[in-house]
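> Sequence:
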Amino acid sequence: MLFDKVLLIAVLEIAVFLFGYAIGRRVGKREGITEGMSLLPLDLKKQLYETSICPLCSQQLNTNKNCDKIHNRD
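Mapping to numbering that gives the first Met the number 0: the sequence shown position 66 is 65, numbers consecutive.
Hints may be right or wrong, so weigh each one.
Here are the simulated lysine to any residue pairs, SDA-like style, with alpha carbons at most 20 Å apart [stated by the list, open to error]: (1) K28 / E12; (2) K4 / A21; (3) K45 / K28; (4) K45 / R29; (5) K28 / F18; (6) K44 / G23; (7) K45 / E34; (8) K44 / T33; (9) K4 / K28; (10) K44 / L55; (11) K28 / L38; (12) K44 / Q59; (13) K44 / K28; (14) K44 / E34; (15) K28 / F16; (16) K4 / I22; (17) K44 / L60; (18) K4 / Y20.
Keep in mind that the hints were calculated from the coordinates and are not lab data.
All chains, full assembly: derive it from the sequences and hints.
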């Protein structure tokens, strides 16, 4: 009788732990994706300033002419 109660309590504790783990994992993934999406523009700008090459289209940054356009357009 005592063993059955201890076993039941242990199984319930493990079930609650796994349920909490599953919920926390889903919430954490969602937060990680949101944070990554907010940091992506900053990373792209940093990459552009460091290499002078656009990370989206791989064109060289226009440094010869002072204009508002980023890329050389012929």
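> Within a Cα-Cα threshold of 20 Å, do K44 and E34 meet the stated pairing?
Given that 20 Å is the threshold and the Cα spacing comes to 16 Å, the pair holds.
> Within a Cα-Cα threshold of 20 Å, do K28 and F16 meet the stated pairing?
The hint holds at about 18 Å.
> For the pair supplied as a hint, K44 and G23, confirm whether the alpha-carbon distance does not exceed 20 Å.
violated, 32 Å
> Could you grab the alpha-carbon distance between K44 and T33 and see if it respects the 20 Å cut-off?
holds, 18 Å
> Does L38 sit within 20 Å of K28, going by the straight-line distance between their CA atoms?
holds, 15 Å
> Does K44 pair with L55 here, judged by a C-alpha cut-off of 20 Å?
holds, 11 Å
> Has the given pair, K45 with K28, been kept, meaning a C-alpha gap of at most 20 Å?
Roughly 25 Å separates the two Cα atoms, so the pair is violated.
> Could you grab the alpha-carbon distance between K44 and L60 and see if it respects the 20 Å cut-off?
OK: K44 and L60 at ~12 Å, within 20 Å.
> Given the hint that K4 pairs with A21, test it: the Cα-Cα distance must not exceed 20 Å.
Roughly 26 Å between the alpha carbons, so the hint for K4 and A21 is violated.
> Against the 20 Å threshold, does the CA-CA distance of K4 and I22 hold or violate the hint?
This hinted pair is violated, its Cα atoms lying about 27 Å apart.
> Mind checking the alpha carbons of K4 and K28 for me, to see if they're no more than 20 Å apart?
violated, 36 Å
> Below or equal to 20 Å on CA atoms is what counts here, so check K4 against Y20.
Since the Cα atoms of K4 and Y20 sit roughly 24 Å apart, the hinted pair is violated (cutoff 20 Å).
Checked against the numbered hints above, the structure violates hints 1, 2, 3, 4, 6, 9, 13, 16, 18; every other hint is satisfied.
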